[in-house]
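Participant: Chains W and A, in that order, give the protein sequences. Mapped onto my numbering, the consecutive letters of the first sequence carry residue numbers 209 to 494. Mapped onto my numbering, the consecutive letters of the second sequence carry residue numbers 209 to 494.
No lab work stands behind these hints: they were computed from the structure. A few of these clues could be false.
Partner residues are not named here, just some residues of chain A that face chain W (Cβ under 7 Å, in silico) [to be verified]:
1. 216
2. 462
3. 466
4. 467
5. 470
Glycine included, each C-beta is placed from N, C-alpha and C at the ideal position.
2 protein chains.
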Amino acid sequence: MDFWFSEAQTPNVKLSIKVDKQLFSGKSEFQRIDVFEAPEFGRFLTLDGYMMLTEKDEFIYHEMITHVPMAVHPKVRDVLVIGAGDGGVIRELTRYPEIEHIDMVEIDPLVVEVCKKYLPQTSCRLNDPRLTIHYEDGVRFIRSCKDQYDLIIVDSTDPFGPGEGLFTREFYGSCYNALREDGIMVNQHESPFYAEDAVACQRAHKRIVESFPISRVYQAHIPTYPSGHWLFGFASKKYHPLRDLDETRWNMRGLTCRYYTTTLHKGAFYLPAYVEELLRDVEQEC
Amino acid sequence: MDFWFSEAQTPNVKLSIKVDKQLFSGKSEFQRIDVFEAPEFGRFLTLDGYMMLTEKDEFIYHEMITHVPMAVHPKVRDVLVIGAGDGGVIRELTRYPEIEHIDMVEIDPLVVEVCKKYLPQTSCRLNDPRLTIHYEDGVRFIRSCKDQYDLIIVDSTDPFGPGEGLFTREFYGSCYNALREDGIMVNQHESPFYAEDAVACQRAHKRIVESFPISRVYQAHIPTYPSGHWLFGFASKKYHPLRDLDETRWNMRGLTCRYYTTTLHKGAFYLPAYVEELLRDVEQEC
Numbered sequence: 209m210d211f212w213f214s215e216a217q218t219p220n221v222k223l224s225i226k227v228d229k230q231l232f233s234g235k236s237e238f239q240r241i242d243v244f245e246a247p248e249f250g251r252f253l254t255l256d257g258y259m260m261l262t263e264k265d266e267f268i269y270h271e272m273i274t275h276v277p278m279a280v281h282p283k284v285r286d287v288l289v290i291g292a293g294d295g296g297v298i299r300e301l302t303r304y305p306e307i308e309h310i311d312m313v314e315i316d317p318l319v320v321e322v323c324k325k326y327l328p329q330t331s332c333r334l335n336d337p338r339l340t341i342h343y344e345d346g347v348r349f350i351r352s353c354k355d356q357y358d359l360i361i362v363d364s365t366d367p368f369g370p371g372e373g374l375f376t377r378e379f380y381g382s383c384y385n386a387l388r389e390d391g392i393m394v395n396q397h398e399s400p401f402y403a404e405d406a407v408a409c410q411r412a413h414k415r416i417v418e419s420f421p422i423s424r425v426y427q428a429h430i431p432t433y434p435s436g437h438w439l440f441g442f443a444s445k446k447y448h449p450l451r452d453l454d455e456t457r458w459n460m461r462g463l464t465c466r467y468y469t470t471t472l473h474k475g476a477f478y479l480p481a482y483v484e485e486l487l488r489d490v491e492q493e494c
Numbered sequence: 209m210d211f212w213f214s215e216a217q218t219p220n221v222k223l224s225i226k227v228d229k230q231l232f233s234g235k236s237e238f239q240r241i242d243v244f245e246a247p248e249f250g251r252f253l254t255l256d257g258y259m260m261l262t263e264k265d266e267f268i269y270h271e272m273i274t275h276v277p278m279a280v281h282p283k284v285r286d287v288l289v290i291g292a293g294d295g296g297v298i299r300e301l302t303r304y305p306e307i308e309h310i311d312m313v314e315i316d317p318l319v320v321e322v323c324k325k326y327l328p329q330t331s332c333r334l335n336d337p338r339l340t341i342h343y344e345d346g347v348r349f350i351r352s353c354k355d356q357y358d359l360i361i362v363d364s365t366d367p368f369g370p371g372e373g374l375f376t377r378e379f380y381g382s383c384y385n386a387l388r389e390d391g392i393m394v395n396q397h398e399s400p401f402y403a404e405d406a407v408a409c410q411r412a413h414k415r416i417v418e419s420f421p422i423s424r425v426y427q428a429h430i431p432t433y434p435s436g437h438w439l440f441g442f443a444s445k446k447y448h449p450l451r452d453l454d455e456t457r458w459n460m461r462g463l464t465c466r467y468y469t470t471t472l473h474k475g476a477f478y479l480p481a482y483v484e485e486l487l488r489d490v491e492q493e494c
């Protein structure tokens, strides 16, 4: 049987993945949710037909969105995670014993339910006693938060559909207010390569630069995302992602990663010339 | 009209590119050659159905295979280029006035002819007076070379078909002999992500480590190659790719690039943990 999942990464580019079988298909109040099993990628989750994660390469995204800020901030106790219903970010965060509490705000309870059932590789720590899951709109949840988190991780979908509000100026302002005076916000920041993604990336960067004194972008190779070249935003009130990286402190923890190293951490901020230019263009408008 | 080119990046993954029209299709003694025009990528060249370059992202490959060694070696006068019939490497090399002579050894005259006609963006410097094109098998050409090049760039296809010999121990040994005492060899080194490419990458690395005292691998984001995560090998008799990088000297040249910067140069050598492990595994066998 020839059974393929295809994602239109742009109207003119498709990535297709051979599928063994579909494990789940359902529709929540917010989106269509599917889980497939594939010979090359293991299980994978799509929302409204867009690739969210595969078992083969999710370690790259989840390690990079979590360990980069954790290796910079000297003491993270309280964390807010927006989105992240698959549990991958929670799995990485719960490796840090000094984290006392994690609020996870996921708009869609069905995503969590489906991931608990079909994606144990990422959802395996969703029962951690330090975690409170709030099934709520992240934009609304954060409005009432003030000065209470050391780290906010925005693990959003793309800037349309349910994820749209997580790319607004209002939301980034709320994140700023919700962070303590030395807090860090990290977000998934789209890709610089295809024109439509690059525009989303520029728009997000402009708004973050306007909201935070320190705002830098870093990159990773994520093969199942459009172009494979994906960006994250590092926004901060006090700590610089390179000058305040404490390699020794992080390496003393003895955490084993498959993508992240403190050396790679530095290289991830050394962006290609055309990406630097994309970002500089909007910084100059601020 | 719905007209698509698809490449099976593995038996279970396909990248498909919408095509406006096919500009050329022909068969040489060595391979099938096609040129297409695509709305997302401009023109693109395939050999035996495998993506070689697109006008949209070829700058990444050609800048990274050329400027990394050029920013390390203090004085490159004589260069040997193996493959590279599209002319992209030559275009980048001819930006350096101190280069006195380039031998380019391309097995297939039809590739050069087709690229001259249909891909002026890469072939635009194939008429440089410093360039001599030899239509010959690179493996054979290099056997008789001794102590005569400062830099060898191996711009090969994949390690099967016409490119197979360019991944052998014999070939790397010949490159070593063909280089002057402070010479550098750079090669396209496959990808670490999909299993079959990773094996090719490990095998090449093992053979290069056995042939050269300094052997390091660096990476770039090349969206139209399998997984988008592509590697290059930097093999050297004397210069270290990071310790001997002279950022000031290179930046004083005033060359403008779209991907390469001397800062990115450093980050390109900071590899993900799993890639370091792949390479270390074979280094320990040497």
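Participant: Work down the list of hints and note, for each, if the structure agrees.
Facilitator: Hint check:
1. 216: With Cβ-Cβ at 9 Å, over 7 Å, it is violated.
2. 462: This interface hint is violated because 13 Å lies over the 7 Å limit.
3. 466: Holds: closest Cβ of chain W sits about 5 Å from residue 466/A, inside 7 Å.
4. 467: holds (4 Å)
5. 470: violated (9 Å)
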